[in-house]
Amino acid sequence: MDTPKISIGQLFALIILFVFGTSIAVNYGLDAKKDAWLAILLGTFSGCLLFSLYSYLYRQYPTLTLTSYAQRIMGRPIGWVLGLVLVLYFIYDAARDVRDAGELLVTSVFDTTPIFVLNAVMLLAIAYVLYKGIEVLARLSEIFIVVIVGFGIVGSILVFASNIIDLNNLLPVLEFGWKPILTTTYPNTFIFPFGEMICFCMLFPHLNNPKLQMKTGLIAIIISGVVLSYTIAIDIAVLGADISSRSIFALLTMVSKVNIADFLQRLDPVALFTMLIVDFFKIALLYYAAVIGTAELFHVKPHRRLVMPVGAVIMIASMSISGSFNEHLLEGKLSISNYQVLVVIGIPLLLAAVHLIRKYAGKGNR
Amino acid sequence: MRTSTEESSLQEELSVILAQLQQRLGNSPDLIMRSIRIPSSPTTHVTALHIDGLIDKQMMNDSGLCSNLAGSGSDLTTHGSTIQEGVYSLLYNHASALCEVSTTRTLDGVLASILSGDTVLLIDGIAEAICCGTKGGESRGVDEPTTQVVIRGPKDSFNETLATNISLVRRRIRNPDLWLEKMKLGKKTQTEVAIMYMKNTVDDELVQEVKHRLQKANLSAVLESGAIEEMIQDQTATFFPTIYNSERPDVIAANLLEGRVAILVDGTPFALLVPTVFAQFFQSPDDYYNRFDVGIFLRMLRYICYLISLLLPSVYIAAITFHQDMIPTTLLISIASARDGIPFPAFIEAMLMELSFEVLREAGVRMPRAMGQAVSIVGALVLGQAAVQAGIVSTAMVIVVSITGIASFSTPAYNVAISARLIRLFIMILAATLGFYGILLGCIVLLAHMCSLKSFGIPYMAPFAPFRLFDQKDNILRMPRWSFIKRSRLIHQEEAAESWGRAMNASSKDSSDSKGE
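Top to bottom, those sequences are chains A and B. Final position of the first sequence in full-length UniProt numbering is 366; the numbers increase by one with none missing. Final position of the second sequence in full-length UniProt numbering is 517; the numbers increase by one with none missing.
One should not assume that every hint holds.
List of simulated lysine-lysine pairs, BS3-like, C-alpha gap at most 25 Å [unchecked claim]:
| # | chain 1 | residue 1 | chain 2 | residue 2 |
| --- | --- | --- | --- | --- |
| 1 | B | K211 | B | K454 |
| 2 | B | K454 | A | K5 |
| 3 | A | K33 | A | K179 |
| 4 | A | K5 | A | K333 |
| 5 | A | K132 | A | K333 |
| 6 | B | K473 | B | K454 |
| 7 | A | K132 | B | K454 |
| 8 | B | K473 | A | K301 |
Short, incomplete list of chain A residues facing chain B, as computed with Cβ under 8 Å [as the list claims (entries may be wrong)]:
| # | residue |
| --- | --- |
| 9 | S7 |
| 10 | I8 |
| 11 | V109 |
| 12 | A125 |
| 13 | I143 |
| 14 | Q265 |
| 15 | F273 |
| 16 | F280 |
| 17 | R304 |
Derived from the structure by calculation, the hints contain no laboratory data. No residue lacks a Cβ here, since even glycine has one placed at the ideal position from N, Cα and C.
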């Protein structure tokens with residue numbers, strides 16, 4: 001088999017797992033207080049637009065990855081630099097997610113274990129999967145999407161059954177008007193996680209059914225956005241906006257409230273596993289994008305040889321990215337509004353614009 | 001060992017050839033030579049050669065190969081120009097009426113024939129030997145299967161004779177599409193190996209691939225199908241068997257109908273099936289012979305048991321070592337009081353128990369059957385009880401290890417159950433160092449490994465991943481039979497267009513029809 005193939009179902013599973021990654025764990029969109037769920041829905045809608053832009057670029061170059069067609073569109077030197085920026089972004093983003101997972105574990109269970117060990121083990125596992133190839137990652141996603149859906153259904157039933165939901169916590173809707181929602185959505189819930197989906201541009205050339213790419217992607221984004229919004233809404237309904245936004249991992253706090261007949265008490269592992277599994281896939285996809293991008297920029301073949309080196313870079317970055325978890329979270333917010341916007345929206349927009357100009361200018365010349 | 005070509009031809013006088021044969025076989029006493037006198041031509045020497053015990057004596061004596069030949073008194077020269085040629089054609093005609101006959105012109109050919117159970121007729125002055133197929137001799141009868149037991153279903157199983165095994169399969173599929181090819185493998189053992197497949201169901205590429213791999217397998221000895229399995233499997237570095245084996249003719253027949261290829265090896269009751277997917281190891285023929293709801297229940301139970309045998313000790317270790325807060329308080333108190341005074345950490349305790357259980361199990365298999373009872377009493381009852389009373393292991397750990405052990409026996413296929421035993425130890429180490437996080441990562445890596453495996457080009461984890469909705473009817477579930485019938489038609493239409501990967505994994509749909517009959 002020459003090129004690995006990813007089926008539409010696998011793309012669907014990967015997108016859903018990717019969108020859930022970290023966003024379901026960290027307090028996502030809670031800057032909008034109890035209207036966080038609205039901010040997420042708005043972010044989902046904007047994410048669909050952004051995904052259409054990525055899909056458009058993909059349809060122009062169905063056999064190339066983002067870093068390759070950047071060079072095709074912009075010419076070798078500028079395109080190469082843009083590719084490098086993208087690769088650095090993938091590495092940075094992957095490192096952030098590794099750190100998220102590590103902090104989650106340290107906070108919840110492993111308070112005496114060095115975070116270095118937790119991150120390293122996670123990255124080693126991902127490196128093994130990537131070493132086996134993108135096809136294996138795609139197949140893995142098909143198995144774990146079932147696990148995640150199962151966890152979600154069981155968790156929801158238990159939360160509802162334990163009678164801890166107070167819908168009054170969500171009311172009144174739009175207490176402070178649209179302004180806090182808009183400022184949270186743009187850029188926060190928009191870029192994270194929907195803008196990060198730019199890494200899928202490195203994956204699209206492997207699709208076995210390119211025609212369904214856009215439709216599947218949009219459906220997956222909408223479904224995952226709605227489920228995310230639902231999850232955060234439940235967090236708020238159980239805990240109230242105030243406690244939700246002050247707890248480090250709202251989902252974990254919320255789930256620990258579940259108590260059915262004094263027996264089903266500690267559902268934390270279910271929540272923890274969900275967070276770790278989805279984070280695993282998010283890191284894996286970003287890591288893969290970074291490996292492929294580096295391989296294409298520096299002409300390394302086979303790209304497998306870069307799995308360990310890139311992993312080492314991500315590892316070091318995840319440790320040196322910030323001194324504490326609070327610093328890490330704040331830095332995340334700042335980097336999203338200041339730099340990530342430029343990478344995930346600016347670069348594709350620039351590519352699309354230049355592509356269109358060249359296309360029509362070319363036609364005019366003929 | 002080979003003599004030169006001149007020597008090995010049959011040009012010499014009969015006595016010289018016989019001497020050479022005896023010398024090549026080291027004057028082995030089980031080489032039987034019988035001189036036959038032809039009454040109408042007393043001067044022509046004819047010798048019949050065979051190896052004692054390899055031939056069907058009944059055929060030799062009663063149907064009277066020799067006596068019948070000797071009784072002929074017709075004019076020999078009408079059969080050929082010389083008397084010797086007359087004798088030759090007379091013998092040839094007689095022999096071919098009694099059994100299948102071939103000829104050879106070399107000494108090596110004669111040796112190969114008699115060693116595989118033929119009777120060879122040598123005629124003085126004729127450079128061609130007649131090999132009569134008199135294969136037979138002692139073999140075990142068709143018994144009940146011992147490794148893959150079912151409660152309801154056929155009770156016959158393969159034995160060590162290739163011809164019997166082939167006939168057991170043929171008896172189940174009376175269809176001219178059931179094709180058979182034979183080859184000899186093993187440079188020293190020259191073992192007969194048969195490849196069986198359904199001509200219009202199987203993908204031709206798969207058959208080619210199987211033949212190619214078998215021919216490429218450079219084996220000196222084939223004493224069991226395990227040797228072949230190891231040489232033709234896709235990947236060696238794995239805990240999981242990627243080739244299924246069975247001693248049940250009904251399983252082989254059902255899988256042939258699904259489009260798989262069976263490899264039957266002379267000398268062993270275990271036939272191989274390729275390609276294999278992981279789900280196959282959890283299917284027992286029972287599932288198809290019982291009602292479908294029972295089938296679904298039993299199959300799910302097996303998957304759960306496999307998970308238990310893989311994970312239970314690790315989950316216990318992780319919960320005791322890292323996540324005590326996740327155990328309900330009352331349960332935690334009783335576990336804590338049971339563990340009170342135990343000198344080892346949970347991991348060491350579990351390892352001790354697991355290892356002693358493995359030792360017991362191995363001893364139980366190797367023991368002479370009469371002593372098996374003693375081992376189980378001393379091992380399980382006395383040792384287990386004493387260990388708990390002495391405060392070396394806790395009762396909770398004994399329970400955990402026992403459940404794990406029993407669960408691991410419920411997998412229908414022994415070779416996949418053994419993989420769980422090995423992997424369990426690794427996951428226990430992960431659980432002892434990183435708790436549930438370690439178990440989770442271990443499971444992800446394990447699944448990734450399984451997803452990367454292939455069996456003759458077919459993904460090992462199909463139809464879970466790559467997911468195929470249609471195949472879920474006979475995967476974890478075993479839907480009622482009418483749903484297979486509908487599907488099998490659908491697949492037949494597809495078959496022409498689809499690549500073989502798809503056709504293979506569509507598996508199991510026709511199986512029910514055949515297995516039930």
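Enumerate the violated hints, using their earlier numbering and listing them in ascending order. 4, 5, 8, 10 and 17
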